[in-house]
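Here's the letter readout for the chains.
Number of protein chains: 4
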Amino acid sequence: MTWLASSVMGRRGVAQGREGSHHLLTEAAQGRYHYVYGPYADPVMRITPGDVVAVETLDAFGGAVKTEDDLPSKVLNMPFVNPQNGPIAVEGAQKGDVLAVYIKDLLPRGPQPVGTTALIPDFGGLTSTGLTHLNAPLAEQVKKMEVTPEGGVKFSDRITLPYEPFVGTMGVSPEIEAISSLVPDFYGGNMDLPDVAPGAVIYFPVQRDDAYFYIGDCHGRQGDGELCGVAVEIPATVTVQIDLIKGWSIPGVRLETEEFIMAVGSARPMEDAARMAYRDLIRWMVDDYGFEESEAYFLATQAGKMRVGNMVDPKYSLGASMLKTYLG
Amino acid sequence: MTWLASSVMGRRGVAQGREGSHHLLTEAAQGRYHYVYGPYADPVMRITPGDVVAVETLDAFGGAVKTEDDLPSKVLNMPFVNPQNGPIAVEGAQKGDVLAVYIKDLLPRGPQPVGTTALIPDFGGLTSTGLTHLNAPLAEQVKKMEVTPEGGVKFSDRITLPYEPFVGTMGVSPEIEAISSLVPDFYGGNMDLPDVAPGAVIYFPVQRDDAYFYIGDCHGRQGDGELCGVAVEIPATVTVQIDLIKGWSIPGVRLETEEFIMAVGSARPMEDAARMAYRDLIRWMVDDYGFEESEAYFLATQAGKMRVGNMVDPKYSLGASMLKTYLG
Amino acid sequence: MTWLASSVMGRRGVAQGREGSHHLLTEAAQGRYHYVYGPYADPVMRITPGDVVAVETLDAFGGAVKTEDDLPSKVLNMPFVNPQNGPIAVEGAQKGDVLAVYIKDLLPRGPQPVGTTALIPDFGGLTSTGLTHLNAPLAEQVKKMEVTPEGGVKFSDRITLPYEPFVGTMGVSPEIEAISSLVPDFYGGNMDLPDVAPGAVIYFPVQRDDAYFYIGDCHGRQGDGELCGVAVEIPATVTVQIDLIKGWSIPGVRLETEEFIMAVGSARPMEDAARMAYRDLIRWMVDDYGFEESEAYFLATQAGKMRVGNMVDPKYSLGASMLKTYLG
Amino acid sequence: MTWLASSVMGRRGVAQGREGSHHLLTEAAQGRYHYVYGPYADPVMRITPGDVVAVETLDAFGGAVKTEDDLPSKVLNMPFVNPQNGPIAVEGAQKGDVLAVYIKDLLPRGPQPVGTTALIPDFGGLTSTGLTHLNAPLAEQVKKMEVTPEGGVKFSDRITLPYEPFVGTMGVSPEIEAISSLVPDFYGGNMDLPDVAPGAVIYFPVQRDDAYFYIGDCHGRQGDGELCGVAVEIPATVTVQIDLIKGWSIPGVRLETEEFIMAVGSARPMEDAARMAYRDLIRWMVDDYGFEESEAYFLATQAGKMRVGNMVDPKYSLGASMLKTYLG
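Residue numbers (the numbering used here), protein chains in the order written: chain A, 1 to 328; chain B, 1 to 328; chain C, 1 to 328; chain D, 1 to 328.
Next comes chain A alone, as it looks inside the complex (with noise of 0.2 angstroms):
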């Protein structure tokens, strides 16, 4: 037995954290992707909690950019950027449950170098923008990359960087909103979080029946912020387990591995995003932890961690977690 029996998903979940049937969501399947979060599409498939879900995602380009001169000004018509597969209903969701997502695997598929990265002019952490500066802004680049999880990303010739593949965009359907798949949020999308990655629990918050689940933007791996904008971009079949928690209410997206739990907050500026994060955390800590709350305020002071998963998309995605050792 894995350390998921002891998960919220393994305690709390309407399965209980035992697998359901097996479903695979081809591209085929999938047909149209979808561009935006929201209720106003029709699911492309139903299951029922504890079900698991092989979905084949594409890369954020939409397979667009093949090679390195595929530049994305020219190959890219917006808003059509980063498709997504979903909605998946999810049976006897409602608003107030929250949606447990058991990432198992991870994998790339499609014809190497199947990693890209780019500059898009007017994108990215260090660059001016059109609608905020006057400068020029800098040269368009494409990068393309091979990527297997033996033998890791192949950045260039003399570097290789482990295979540390996470899920970019992921999350449930707003009540009543449809929102960019490049926007992150309360119900989660475009986090772009490292740590959303095979052997972690992500918890959503339902806003509506049947959850209306969406997955895509998966990254063969990425560094803290995602700098330039695109991490190595990957088309993959991403598994994951996903289950149902009936009256728990979140404010956001919170996540759980074996060792650490952690809280997601997403916003700008950058610092509101921090604060979320951490305050979540410590209502996390208070509710079901047992802590004081200036207790828990005092012990993520001294012993929190923060990941900084995006400083470049419309809101910054930061995560705050605390070992689970520290938590009784």
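Wrong hints could be hidden among the right ones.
Same chains, same label: a pair holds when it works inside one copy or across any pair of copies.
To be verified - In silico DSS-like pairs for lysine-lysine, Cα to Cα no more than 27 angstroms straight-line:
| hint | residue 1 | residue 2 |
| --- | --- | --- |
| 1 | K104 | K305 |
| 2 | K305 | K324 |
| 3 | K104 | K324 |
| 4 | K154 | K95 |
| 5 | K104 | K154 |
| 6 | K154 | K144 |
| 7 | K154 | K324 |
| 8 | K305 | K144 |
| 9 | K246 | K324 |
| 10 | K74 | K154 |
| 11 | K246 | K95 |
| 12 | K154 | K66 |
| 13 | K305 | K154 |
| 14 | K74 | K104 |
| 15 | K74 | K246 |
| 16 | K74 | K95 |
No wet-lab data here; the hints were simulated from the structure.
Bear in mind the structure is a predicted one, so any value in this text is a computation, not a measurement.
Keeping the supplied structure of chain A fixed, place chains B, C and D upon it in accordance with the hints.
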């Protein structure tokens, strides 16, 4: 021979990383502590590059918070907080040079419980302030903790945290300004960055003759962000080896350990601190490691790490780092 | 002939500023109000460029706050606030065009006291929030005010403020997103900008066929910034003349009165909204008034005006303006 | 008798607004100008509350930009910019008091074209910076302008702007810090706020004995935000009457004209400056005008005005104001 021989200090330092004379700066020798980083105080000591200095620092409260009943609002007298040792004049240092400070050792001193943290009204990462909001402040509270290198930080009956000490405030004097020791900036100061720890070399851009080195505010440990604004504050004996690198122009604080290099940004909003940190890391990679700028930008995107030092001080301090294994 | 003939609407509009048919969009005709700006609702009316529409709007509370005892936390049901009329389909509008909306008139409707403001927990410019801080919220409070065009806003026994009405929320549908009517952005929405007032022409960049115009959230008046988050909210009859400018590509909302032109930025942090506003004002001066970019930058520096619309919504909205007398 | 008799200075000043001795602080008498606001310089003059001082200020470039060929990057020597007159010691001033400065007159001095503005690399509201971005800087450029009280500011052959002079930098010394004259903060400094103009009384919280008043950086005029970072910079003779208010504790700069009161906030991000300004305006309304706090909050919401002083300096300065007609 340690990794230090291959550090910038070891390769380019006036003393080439060799230890010179040893000095002790006791409380008594320091006499009057300082509350600004500036050029208007007389040096308390004069050293030669390569010299080693053991410094007796006070804690950030100047020792005024002796028990959990000593509320900061009662016992502190603003702006006389965060007392600093120094300035130490370094022979031969001039504007345009870099002061290299290798932290050899950091030990708590004084009677237990030697560690102090506190909730101070209107100060901290998750509190409103009386200058910006209408809300009532959080309740003031002090927590004292035993701190020993062997036994760690006794956070509570149940929780013991590792002793992972570092220097909260350290740097050189600005050229003409005298800035509160509560502020971090390009010259160092109150960065509250856990990487400024034993085993690291910190690089500060010298702004005036003799550099005028200041140090204080040692911490027994701290989480990312120093959330409530007060780490495990301890009076300490901190031992540093100080070298001088002539003619190295750097825009802000840099740092080096055996495993990685790091650039530090201090600013508000937090994204500007993050940008400054990554921007200077890329500059360093281009200037000293032969990267093309776009290649450094790409590598920082896929493999950079970001530490949130503090999210509570007048400027937030973040550190962007890159593993040396990727630098060639 | 009014100044309108010389406006962009008058010179370049499909209807060249001439009034077409007159329509009335009553509460009953509207039926179901909307809480998002998006393409997923069916048009409630179809008009031709030049047409005039009188719209019966609800106040931002949907009329639920009838007395000072109707606390928002009790009578509101998130996210169903800030109800909007529309969408009104505009014949011939396409992505890449601009919708020009001339506000002719704005009158309160319904029984007195018709104006409402409130302190809503965790919302407003000077309050902490439960998502970012640990402080207790401010006390909730409602204030009702008589509002008439002749008598002004009866703020208190002692203080009467001028009736200076404007439209808080107005704009066109995004292309594929459906965004909460609480949010302002490049397509308009909840800008809460007092210049969006009778006598002004507002320009919105069309994102989809027929534009899908929404309007609501009228205010009897408001100070700069809408400090507590709630202006003098009124149900109203607002009359607008809507024209269409083909092939005018603008990055965000612009505005024109007899005296000045204004560009609007909506973003967080506030400096980004300010930059966007001034950046687009300069673009406009360069594109349509023959300025060199640096000369426009200089003139904006010496003669630009900045209005802080709101400092409370999910994005802050600021407007940068230039007197027409300086534009030649 | 003017409105001054009813001002805080007139009612509560040691000199009750009466003029005392007249002094002239010429360039020669000043001798060495200062580049920090701090307590470490010797007073250049000592006055008594009520005294009037005419001060010969240099422009922000210290006169080094004489022609449009004198590029700032060539002729300036950082950090020696924005030279200040003073410090002027004010008899009887102590920490906890307020210095009241009534600006009587501001005249340009020196040969025409006396006004200077410039695009300085990496500085300004719409430019990236080398510390935060990878973009190339904007082209450097200087613009000289004739400036006279009668003829206004000759911006170009076609455009003449009104002469609306004000003091860009003014304030008192911090207690122990010496802060660059480029920075604004609670003690005043480089606020670049157009309301700090002839006819206004500015209130500064005294931090040390004798206050140590500094002044410089006069502007012939400026738009909101000082967009490119450089207003119509002029050397000037500025005449101020200085009074002292004992025992008035204010957290930052306040300002008063015949029509309104204003509180100033200086911070980053900009919303914090806006909050500080409105927060202190409300404090003032409560303390001195008898408002309930929530009533003041409501009134500021419906009738407050916000001036964006600068959006370019190390801290942004905004001023929140309320018409005296609403204050009773």
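Verification of the supplied hints:
In this assembly of identical chains, the alpha carbons of K104 and K305 lie at most 27 angstroms apart whether taken from the same copy (24 angstroms) or from different copies (25 angstroms). Taking the closest pair of Cα atoms, K305 and K324 come within 27 angstroms of each other both inside a single copy (12 angstroms) and across two copies (23 angstroms). In this assembly of identical chains, the alpha carbons of K104 and K324 lie at most 27 angstroms apart only when taken from the same copy (21 angstroms versus 32 angstroms across copies). For a Cα distance limit of 27 angstroms, the shortest separation of K154 from K95 qualifies neither inside one copy, at 43 angstroms, nor across copies, at 41 angstroms.
For the homomeric pair K104 and K154, the shortest alpha-carbon distance inside one copy (24 angstroms) is at most 27 angstroms, but the shortest distance between copies (37 angstroms) is not. Taking the shortest Cα distances, K154 and K144 sit within 27 angstroms of each other inside one copy (9 angstroms), while across copies they are farther apart (50 angstroms). In this assembly of identical chains, the alpha carbons of K154 and K324 lie at most 27 angstroms apart only when taken from different copies (17 angstroms versus 34 angstroms within one copy). For the identical chains of this complex, K305 and K144 are inter-copy neighbours only, at 22 angstroms across copies versus 32 angstroms inside a copy, given an alpha-carbon limit of 27 angstroms.
Taking CA atoms no more than 27 angstroms apart as the test, K246 paired with K324 passes inside one copy only; the shortest distance there is 23 angstroms, against 47 angstroms between copies. Proximity of K74 and K154 under a CA criterion of 27 angstroms is satisfied intra-copy only: 25 angstroms inside one chain copy versus 45 angstroms between copies. Taking CA atoms no more than 27 angstroms apart as the test, K246 paired with K95 passes inside one copy only; the shortest distance there is 9 angstroms, against 43 angstroms between copies. With identical chains, the CA atoms of K154 and K66 are at most 27 angstroms apart within one copy only, with a shortest distance of 17 angstroms there and 56 angstroms across copies.
Proximity of K305 and K154 under a CA criterion of 27 angstroms is satisfied inter-copy only: 19 angstroms between copies versus 29 angstroms inside one chain copy. In the homo-oligomer, the alpha carbons of K74 and K104 never lie at most 27 angstroms apart, since the shortest distance is 36 angstroms inside one protomer and 43 angstroms across protomers. Taking the closest pair of Cα atoms, K74 and K246 come within 27 angstroms of each other only across two copies (25 angstroms); inside a single copy the shortest separation is 46 angstroms, beyond that limit. Taking the shortest alpha-carbon separations for K74 and K95, only the inter-copy value of 19 angstroms comes in at or below 27 angstroms, while the best intra-copy value is 41 angstroms.
Checked against the numbered hints given earlier, the structure breaks hints 4, 14 and satisfies all the rest.
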